[in-house]
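Novice: Residue numbers (this note's numbering), protein chains in the order written: chain A, 1 to 291; chain B, 1 to 654.
Hints listed in this document are in silico derivations from the structure and should not be mistaken for laboratory results. Computed from a prediction, not measured in an experiment: that's the story for all the values here. Certain hints may be false.
In silico BS3-like pairs for lysine-lysine, Cα to Cα no more than 30 Å straight-line [to be verified]:
| hint | chain 1 | residue 1 | chain 2 | residue 2 |
| --- | --- | --- | --- | --- |
| 1 | B | Lys357 | B | Lys546 |
| 2 | B | Lys562 | B | Lys644 |
| 3 | B | Lys498 | A | Lys43 |
| 4 | B | Lys364 | B | Lys277 |
| 5 | B | Lys273 | B | Lys415 |
| 6 | B | Lys166 | B | Lys137 |
| 7 | B | Lys181 | B | Lys137 |
| 8 | B | Lys546 | B | Lys402 |
| 9 | B | Lys57 | B | Lys10 |
| 10 | B | Lys364 | B | Lys270 |
| 11 | B | Lys337 | B | Lys277 |
| 12 | B | Lys460 | B | Lys446 |
| 13 | B | Lys185 | A | Lys43 |
| 14 | B | Lys402 | B | Lys423 |
| 15 | B | Lys364 | B | Lys415 |
| 16 | B | Lys182 | B | Lys498 |
| 17 | B | Lys395 | B | Lys335 |
| 18 | B | Lys498 | A | Lys38 |
| 19 | A | Lys236 | B | Lys277 |
| 20 | A | Lys38 | B | Lys273 |
| 21 | B | Lys10 | A | Lys236 |
| 22 | B | Lys182 | A | Lys43 |
| 23 | A | Lys38 | B | Lys402 |
| 24 | A | Lys236 | B | Lys498 |
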Amino acid sequence: MAWLVVTLTWGLIRIAPGNFYSGEKKLPAAVEANIRAKYGLDKPWYTQYGMLMSNVVRGDFGDSLKNPDYSVNEMIAEHLPYSATIGVLAYILALVLGISAGTVAALKQNSGFDYGSMSAAILGLSVPNFVLGPLLVLVLSFWLYLLPPARWGGPSALIMPVVTLGVIYAAYIARLTRAGMLEILRSDYIRTARAKGLSETSVILRHAMRGGLIPVVSFTGPALAALLGGTVVVEKVFALPGLGNIFIQAVLNRDETVVLGIVAFLSILIMIFNLIVDVSYGFLDPRIRFE
Amino acid sequence: MQSDGRYFGKMNVPTGNVLRYVSGAEIESLDPQVSDGQPDARIFMALYEGLVEYDPKTLQPIPELAKSWEAGPRVDEFIFHLRDNAKWSDGSPITANDFVYSMRRGFQPDTLSRTANLGYVVKYAEAFNGGKVFVKKGDQFLLAKDFGGAEEAPAAPFGPETEFRKFIRSPERLTLPGDEKKRAKAIDANPQLKAAVDGAEFVPVTANDIGIEAVDRYTVRITLRQSAPYFLGLLAHQFFRLVPQQAISKYGRQWTRPENIVTCGPFRLKEYKRYDKLIVERDPNYWDAANVHLDRIEFYPVEELTTIVNLYKAGDVDAFLNHSVLAAWIDSIRKYKDEYMLFPEAAVSYYGINVTKPPFDNLKVRRAFDLAVDRVALSEYRKITQPLFDITPNKVFPDYDKARDKVGEEIRNEKKLTPDQWKNYFGFDPDQARKLLTEAGYPVQKNGDTYSCPSFPIDKVQLTFNTGESNKAIAEFVQSQWRQNLGITVPLQNMEFKTFLAFKDELQYPGFSQLLWSGDYMDPNTFLGLFYGQHNNGDTGWYDPKYDKMLDDANSELDPQKRYEMMARAEYYALDNCIIVPLTINATNWMKRPYVKGMYPNPGTLHPWKFVYIEHDPAKWDHDVQNIMDETDPIVAAELQQIKRTQQPTGPAE
Numbered sequence: 001m002a003w004l005v006v007t008l009t010w011g012l013i014r015i016a017p018g019n020f021y022s023g024e025k026k027l028p029a030a031v032e033a034n035i036r037a038k039y040g041l042d043k044p045w046y047t048q049y050g051m052l053m054s055n056v057v058r059g060d061f062g063d064s065l066k067n068p069d070y071s072v073n074e075m076i077a078e079h080l081p082y083s084a085t086i087g088v089l090a091y092i093l094a095l096v097l098g099i100s101a102g103t104v105a106a107l108k109q110n111s112g113f114d115y116g117s118m119s120a121a122i123l124g125l126s127v128p129n130f131v132l133g134p135l136l137v138l139v140l141s142f143w144l145y146l147l148p149p150a151r152w153g154g155p156s157a158l159i160m161p162v163v164t165l166g167v168i169y170a171a172y173i174a175r176l177t178r179a180g181m182l183e184i185l186r187s188d189y190i191r192t193a194r195a196k197g198l199s200e201t202s203v204i205l206r207h208a209m210r211g212g213l214i215p216v217v218s219f220t221g222p223a224l225a226a227l228l229g230g231t232v233v234v235e236k237v238f239a240l241p242g243l244g245n246i247f248i249q250a251v252l253n254r255d256e257t258v259v260l261g262i263v264a265f266l267s268i269l270i271m272i273f274n275l276i277v278d279v280s281y282g283f284l285d286p287r288i289r290f291e
Numbered sequence: 001m002q003s004d005g006r007y008f009g010k011m012n013v014p015t016g017n018v019l020r021y022v023s024g025a026e027i028e029s030l031d032p033q034v035s036d037g038q039p040d041a042r043i044f045m046a047l048y049e050g051l052v053e054y055d056p057k058t059l060q061p062i063p064e065l066a067k068s069w070e071a072g073p074r075v076d077e078f079i080f081h082l083r084d085n086a087k088w089s090d091g092s093p094i095t096a097n098d099f100v101y102s103m104r105r106g107f108q109p110d111t112l113s114r115t116a117n118l119g120y121v122v123k124y125a126e127a128f129n130g131g132k133v134f135v136k137k138g139d140q141f142l143l144a145k146d147f148g149g150a151e152e153a154p155a156a157p158f159g160p161e162t163e164f165r166k167f168i169r170s171p172e173r174l175t176l177p178g179d180e181k182k183r184a185k186a187i188d189a190n191p192q193l194k195a196a197v198d199g200a201e202f203v204p205v206t207a208n209d210i211g212i213e214a215v216d217r218y219t220v221r222i223t224l225r226q227s228a229p230y231f232l233g234l235l236a237h238q239f240f241r242l243v244p245q246q247a248i249s250k251y252g253r254q255w256t257r258p259e260n261i262v263t264c265g266p267f268r269l270k271e272y273k274r275y276d277k278l279i280v281e282r283d284p285n286y287w288d289a290a291n292v293h294l295d296r297i298e299f300y301p302v303e304e305l306t307t308i309v310n311l312y313k314a315g316d317v318d319a320f321l322n323h324s325v326l327a328a329w330i331d332s333i334r335k336y337k338d339e340y341m342l343f344p345e346a347a348v349s350y351y352g353i354n355v356t357k358p359p360f361d362n363l364k365v366r367r368a369f370d371l372a373v374d375r376v377a378l379s380e381y382r383k384i385t386q387p388l389f390d391i392t393p394n395k396v397f398p399d400y401d402k403a404r405d406k407v408g409e410e411i412r413n414e415k416k417l418t419p420d421q422w423k424n425y426f427g428f429d430p431d432q433a434r435k436l437l438t439e440a441g442y443p444v445q446k447n448g449d450t451y452s453c454p455s456f457p458i459d460k461v462q463l464t465f466n467t468g469e470s471n472k473a474i475a476e477f478v479q480s481q482w483r484q485n486l487g488i489t490v491p492l493q494n495m496e497f498k499t500f501l502a503f504k505d506e507l508q509y510p511g512f513s514q515l516l517w518s519g520d521y522m523d524p525n526t527f528l529g530l531f532y533g534q535h536n537n538g539d540t541g542w543y544d545p546k547y548d549k550m551l552d553d554a555n556s557e558l559d560p561q562k563r564y565e566m567m568a569r570a571e572y573y574a575l576d577n578c579i580i581v582p583l584t585i586n587a588t589n590w591m592k593r594p595y596v597k598g599m600y601p602n603p604g605t606l607h608p609w610k611f612v613y614i615e616h617d618p619a620k621w622d623h624d625v626q627n628i629m630d631e632t633d634p635i636v637a638a639e640l641q642q643i644k645r646t647q648q649p650t651g652p653a654e
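Only chain B is shown next, with the shape it has when bound in the complex (with noise of 0.2 Å):
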C-alpha cells in the first residue's frame, strides 16, 4: 500500500452534514424487537428511542422519552417522567401508552422476538413470553412462595396506589407451562403442586399482567420480579425502544416497509435498498430535533472486511464499525493515528470446556490446559486484543475492577497464596500445567526441550471454532502453546457457523469449543450471567445452583460497589471451577475521519447519532484519537449537559 501521507488513502472531506458509514451485515428487519444483530442495533438507534439512551461515551443511561426517573427503596421499582413534547414520525404525540404498549408487544410470543429474554426481570414477562398460566383456585390465584419460590417482604409505598399496582405488588403468582403436556408432567413431579391443583383453573398470563403500567399519560411505572441494579442501562437496549401501535395494528407484519413504517427517532426512514444501502434523514417531528446535527445518515451494508477499508480508502465512506481492519493491515494502519480507534470492548473471546465429557470433567485436566495457555504472547500475535484473564474483561467496568481486586487479595489469603503465587494462579503457569496433568493421571515427560504425554487420550479432545481467519490463527496459536507446554498436539475442528452452533449447543463437542460473547449492557452481570442456569449460554455443560445463588444475592444488593464485591466472588467460585480457558478481550478496531465528531470507541462501539457531526473547520478535526475519551468536545458536551438537566438522581425516593 502507498503511504498517503497524514490521513490514510484519499479523503473526500463533505461539504454538507451527511454520513456514510458501512454498518456490516444486511439488517433482517426494521423491527427493533425482533432482530438481535449489531449492525441492526446501530440502525435502530438512529430511527426508534426509548426512555433513555447511552451516553456515546460510557454507555451509561441518559435521559431521551424519559426526563427523569426515580428507583423504588428495594430497585425493584422504577418511575419514568416521560417529557411531553415528543412526537411520532407521523405527527402523533408519543405517549406512556406508547410505552405500555411495546413492551406488551414485545413479550407477545408471536412477536417473536429474539431479545425478549433481556426483559426477564420484568415481573410476569417471562411467563407472559413463555404462554405460560396462573393457577386458580376459587378466587384465589397460587402463590409462588408456597411452592419453594421466595418470601418477600411488602412493598414499600412507590408512586400513586393504583389497582394494577395492588396486584402487581401482591405476592408473586405461581405459574405453570400452558402447554398441556408439560403441566401434566410439573404437576407430576410435585406431589403438593398436584393435590394444589385439583380443582383449579388454569388462566393464561396476559399482557396486562406484566410489570408496565402507565401511571397517567406521561408517567411509567416498571415493577421488577426482583431486584435488578443493571435494569436502567438494559432500557437502552432496542427491545425497549418503542414502537408505533398506528402502524402495527394496520399492517401487521408489514409495518416496517417503507410506505408504512413510523418511527420515534432522531432520523426517520428515507429510502432502503437491501443489500445495497438504507438512508435515514433528520425527523422534523423529532422532540430534539433543533439538536440533530446531521442531516442525512446513510448505511452502507458491507460484509467483506477487505472491502470495507478499501471503500473507506478510496473516500467512498466516512466510519465504518468495528472489528474490521484485518489482523494483517493493523501494522500499517495503526500509524493513522488521528482514524484509527483500538480500545477495548465489552466483548471476549474464551474456548469453553465441556466438562460433561470424560477427561475433561476431571478439574485438574482442565486447570492444567488452562494453565498451558500463554495468553500475553497470544495477544501480542493477534495485535488486535488484550489478554483475557477472568470472566469479565477488565478496563471496561473501572468500578468493577477496583472490587475484583479487592476480592482478589481476600480471596488470595483465604488460599494462603503467595502474592508471585496469586500472580499465576489463574494465568500462565506450565510447570503447574504439567504437574497437575501428571497428578490427573497423565504424566507429561520431557525429552530434550520438548514434552510429551503418551498417555493421554487424543481421541477425546478437540478444539472446534466455526470457520473465519482470526478463529483459526488463535486455535492454531493455541493448539502449538499446548504442545509445547503439554506435549499434546490437539486437533483442531472447523465448522460453518450454524452447524457449529448446533454442535455446541447440544454438548457434543469433546474438549475445547469456542465461545465469543459480547455484553448486552455494561454491567458484569450480563457476562457472568453466561453461566447461570441450567441451559446458559456457556455451552460447557456446567451448572451450578450456588453460583446462582452467589449471582441472585448480588443482584439484589444495593451498595453499588458491595454488589461488585459480590460478584466477583461469584467470578472467582466460577474461575475455581475452570470451566473455560479466557482467552483475549475484543478491541474495537475500526476507524474515522477526523472531521467526523461526536463518535466514539465506546465499549459497544454504539454510537447515539444526534450526538454525531461532520465539523467543516480542519483546526477543529480530531487529531490523534488514542486520547479521545479523555477531551472534551464542547458541542457533544454542551448537548449532554442540556439533556441531563433534566434527570433527578437515581436511588432510592426520600
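Extracted from the complex, chain A is given alone in its bound form (with noise of 0.2 Å):
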C-alpha cells in the first residue's frame, strides 16, 4: 500500500514541470550537466524508478535535493515533533473539550446548554481554520498584546495554533459524543445500571461512556489523518517548523527525496493509526471483541 502511494508520488513529482535546482535566473550550463549527472537525471527514468525503489525499501530516501546536507530521515525526524507536539494537544483539548461538553449535552438533553454548545459546535465546524488563526491572532495578539502573533516559543506561543487546530476536532466530537451518549443511555443495560442503585456519576463514566465513545474512536482514524492535514495551514499561519510546512516547501521546490519521505512516512502512519484504532474497539464494545 504504501509502495503504492510512493509509486504515484514519484510519478506526480516526474510530471510536474519545474526542477529543485532551478531559480530565475539560469544556472551556467556545464553546474546544470554536473548536477543532473550528480543526480542520475540523465539516466532513463526506469531505471531511476529502479535506483529510487531499491533505497526506498531499505528505508533509504536519501538528501534532500535542496539541501543535500542533510538526509530526508533526519529531516523528519527533527520536525516532526513539532507537529506531533501540537497536533497532539490538539486533539488532547477536543477530546476533553468535545467529550465533557457532548456528555454533558446528552445529560442536559434539549436544556439551554444542549442547544448553546451545539450551536457553537456548528459555529467551530463552519470556520476553517485558516480564518480562525487570523481572527485569533488579531484579538489576542493586537488588542490585547497578551500572545505572540508566530513563531515556536513557549507555552505562550502554542496555544493559538492549538486552539486553532483543535476547535474542529472539538466540534465534532460533541456532537459525536452527544449523539453516541443519547444512544447509549436509552440502553437496557445503562437501565439496569441505574436500577442496581449506582451513582450517576457511576453510570456515566464507567458504563455509558465505553459505548459512548464508540463514535469517537472510529473518528480517531480520519481525524487523526486530518489533523495531519490541518496542521499544514497551522504551521503556515503561525511560522511553525513542522513537517507539514517542510512538506509544502518540498513541493514547491521540488525536492523529490523529501517528499517521497514525508510521503511515505506519513502512510505509514496513518495505517498504524487505523491499526490502533481498530483494536481499541475490542477494548471498548466486548459485544465487538469476540467477532
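Bring the two chains, given one by one in their own frames, into a single complex with the hints.
Specialist: So this is what it looks like as C-alpha cells:
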C-alpha cells in the first residue's frame, strides 16, 4: 500500500514541470550538467525509478535535493516533534472539550446548555482554520497584546495554534459524543445499572462512556489523518517549523526526495493509527471483541 | 488596525545588543558558494568575509580581508594585499592560500555552485567550471586567437614576475568541451580546427590553471580574461567569500553542520534550527571583533508577508527584509516615518516579449504594445514601485544616469526628434501605438470612446506570470491598459513558479512573460547583461552579436564615464529593438525600529552586519528615515574611516 502511494507520488513529481535546481537566473550550462549527472537525472526514467525503489525499500530516502547537507530521514526526525506536539495537544484539547461538552449536552438534553453548545459546535465546524487562526491573532496579539503572533516559543506561543487546530475536532467530537451518549443512555444495560442503584457518576463514567465513545474512537482514525493536513495550514499561519511546512516547501521546491520521504512516512503513520483504532474497538465494546 | 502613536505596534526596546531580524525564506545551505538566494546572502554576510565588503550605504567595495589593492594598467589584473591578523573562527590564520583554495573550490564542477558564473571573467574559470580541455600538440598549446579569438597585446609588468604569471599572461589557450561527443561536434564543424587537432592531446583544465595566484603569504593576484572594471564590486558577493579548507577537506559536504562548521566573518554560528531560527554570535577570533557592535543576531526564516509584519508589530522582531509590506497596507504603514523604508532598488520588472513567435517578430507590433502602457499610472497604482522606462533602473547608478542622459541627447538628434517627441519615445504614447499597430497590418478602429482591433490574432498572444498577488495585480492593470488603448484584451495566464520558469526558458510562451531581475552587483552591466549571449536570461529569444560587441567594447574601456556612455549606447540599441516592456523599479519596502542603527535602505538591502548596533539613548534614535542616506552616523562613519585608511587609491599602478 505504501509502495503504491510512493510510486504514485513519484510519478506526479516527475510529471510536474520544473526541477529543484532552477531559479529565475539561469544556471551555467556546465553546472546544470553536473547537477543532472550527480543525481542520475540523465538516465532513463525506469532506471531512476529502480534506483529509487531499491533505496526506499531499505528506508533510505537519500538526502534532500534542495538542502543536500541533510538527509530526508533526518529532516523528518527533526521536524516531526513540532507537528506532533501541536497535533497531539490539539487532539487532547478536542477530546477534553468535545467529550465533556457532548456528555453534558446528552445528559441535559434540550436544555439551554445543549442548544448553546451544539450551536457553538456548528460554528466551530464551519469556520475554517485559516480564518480562525488570523482572527485569534488579531484579538489576542494585537488588540490585547497577550500572545505572540507567530513562531515557535514557550507555552504561550502554542496556545493559538493548538486552539486553531483543535476547535474543529472539538466540535465534531462534541456532536458525536452527544449522539453516542444519547443512544447509550437509552439502552438496556444503562437502565439496569441505574436500577441497581449505582451513582449517576458511576453510571456515566464506568458504563455509558465506553459505549458512547465508540463513534469518537472510530472518528479518531480519520481525524488524526485530517489533523496532519490541518497542521499544514496552522504551521504556515503561525510560522512553525513542523512537517507540514516542510512538506509544502518541498513540493514547491520540487524536492523529490523529501516529498517522497514524507509521503511514505505519513502513509505508514496513518495505517498504524487505523490499526490502533481497530484494536481499541475491542477494548471498548465487548460485543465486538469476540467477532 | 489601531493607530498606535508614533511607532508601529508595540515596541520592545532591547536592553542588550541583540538584533532580531526576519530574513525571509529558509536558507538552502550554509555553504556560501552553493546557494544563490537573497535571504542566504544576508546570513552569509554575517558568517563569511571576502577580500572586500559592501559599504553599508552605497554597496561599493570597501577593504575587508584585503587592506588595500591595485588594478593593473588595463584593469584586467588586480593585486590584493591581505591583512596579516585575520583568523578563522577556529583560531587558525587566514592567508592568501585560503583565498586561492576558495576560488578553486568554488569553480570546481562538483561543488555545484549556482553562482560560479559571476566569476567567469576570471581567466580560465569558465573553462574549468565547464570541464573543458586544452589542446596540446607536442609541447605547444593551441591558442584561441588562431581560431577566431581576439589578438591580445602583451601584458605590462604588474607585480612579481612568477612562473604562474608567465603562464597566465601568455596568449589565451584554446579550450574545447570535455565531453567527447560535444567536442567531436565542435571539431567537425570547423575544418581549420579539425586539421589542427589531428594528433593532438586533450589536457583537462585544472584548478591550478585559473587566474588566481597567491604571490606570497598575504598577497593575491587575480588575472581576468578581459578588462572588467566592475570586478571589484563583484568580489563582495558571497561566491567570493572564503570557505575553510580545514573543514571541507575533513568533512566534505557535511562541513556546514553546526558541529563541523568553521567561518571567517564577524559572527560565528551559535544555533541553527531549520525553519525556526538561526543564531549567530560575535566571533572573538574575528580580526575586527573590537568594532563589531552586536553580541548576537537572531535570524528568523518567515516567508508569509502578513506574519512578518505581525511579528514586527507585536515587538517580536526589530527589522525585516525587503518587499515585505503588502500593497494594501502601504498607506497605513507609510505614516510611520521613523521606521518605513521606501527607496529604489537595483531590481526591476519587465514583460519580456517572445520575439520568435509571430506576430511579435514584427518590431512595430512590439513597439505598439510597449507604447500603450502608462507606467507612471502603474506605479501610482502599485504604490511601492517607481516607473521604469529602460532596461537599467534610474536613480540607482547616478553616474550612469548622467551618461545615459548625454547619450540620449545624441540619439535624439540622430533620430531627428524634437525634445517633446523624445520624451515619450520610450514611454507612453497611445496614439503612436495605435498607428504602429495599424501599419503592422492590424488596424485599430475607434468606436466612440473605445477601441477595437478585430484583426489581431488573439490566440497568438498571452500574458504569462507566476502566481502571486502583486504579479496578478500588475498583469490585470497592464491588460486593461492594452484593452483601453489598443482595443485588445490579452488573455492572462498564471503559473506556479517552477512551471513558469520552464515555460519561459524554452520560449514556449506566446507574447509576454514576466521577468523580475535584481542586480548581482552594483553596475549597469548586471542589467544589460541580461540580453548578452545566445542563451541569455532575458528569455526573449533575442540575441544580437552587435549588442554583445557594444558591451564587450564598453567593458574594455578604462575611463569610467566613457564606459558608461558606451553602455548607454548599447542600452538604447536594445531598447530600439523593443524586446521588453519595461514596467517598474522595485522599492525596498521594509521596516526597522528606530533604535537599530547602521542599517541602510541601499539598493540591494544588504547589510554588512558589523556596522549595525542598538542605540539605547532615545535621543539618538533614527527620525524621519527619508533622509537617512544623507545623514552621517558618527559611529558608522568612524568605523568606515578606520577601515578605509588602509586602502590605497584604486586605478592603474604608477
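Novice: Hint by hint, note whether the structure agrees.
Specialist: Going down the list of hints, with the structure as the test:
no.	hint	result
1	B:Lys357 with B:Lys546	holds, 22 Å
2	B:Lys562 with B:Lys644	holds, 27 Å
3	B:Lys498 with A:Lys43	holds, 22 Å
4	B:Lys364 with B:Lys277	violated, 53 Å
5	B:Lys273 with B:Lys415	violated, 60 Å
6	B:Lys166 with B:Lys137	holds, 19 Å
7	B:Lys181 with B:Lys137	holds, 21 Å
8	B:Lys546 with B:Lys402	holds, 24 Å
9	B:Lys57 with B:Lys10	holds, 28 Å
10	B:Lys364 with B:Lys270	violated, 59 Å
11	B:Lys337 with B:Lys277	holds, 29 Å
12	B:Lys460 with B:Lys446	holds, 23 Å
13	B:Lys185 with A:Lys43	holds, 22 Å
14	B:Lys402 with B:Lys423	holds, 16 Å
15	B:Lys364 with B:Lys415	holds, 17 Å
16	B:Lys182 with B:Lys498	holds, 28 Å
17	B:Lys395 with B:Lys335	holds, 24 Å
18	B:Lys498 with A:Lys38	holds, 21 Å
19	A:Lys236 with B:Lys277	holds, 15 Å
20	A:Lys38 with B:Lys273	holds, 28 Å
21	B:Lys10 with A:Lys236	holds, 23 Å
22	B:Lys182 with A:Lys43	holds, 18 Å
23	A:Lys38 with B:Lys402	violated, 48 Å
24	A:Lys236 with B:Lys498	holds, 20 Å
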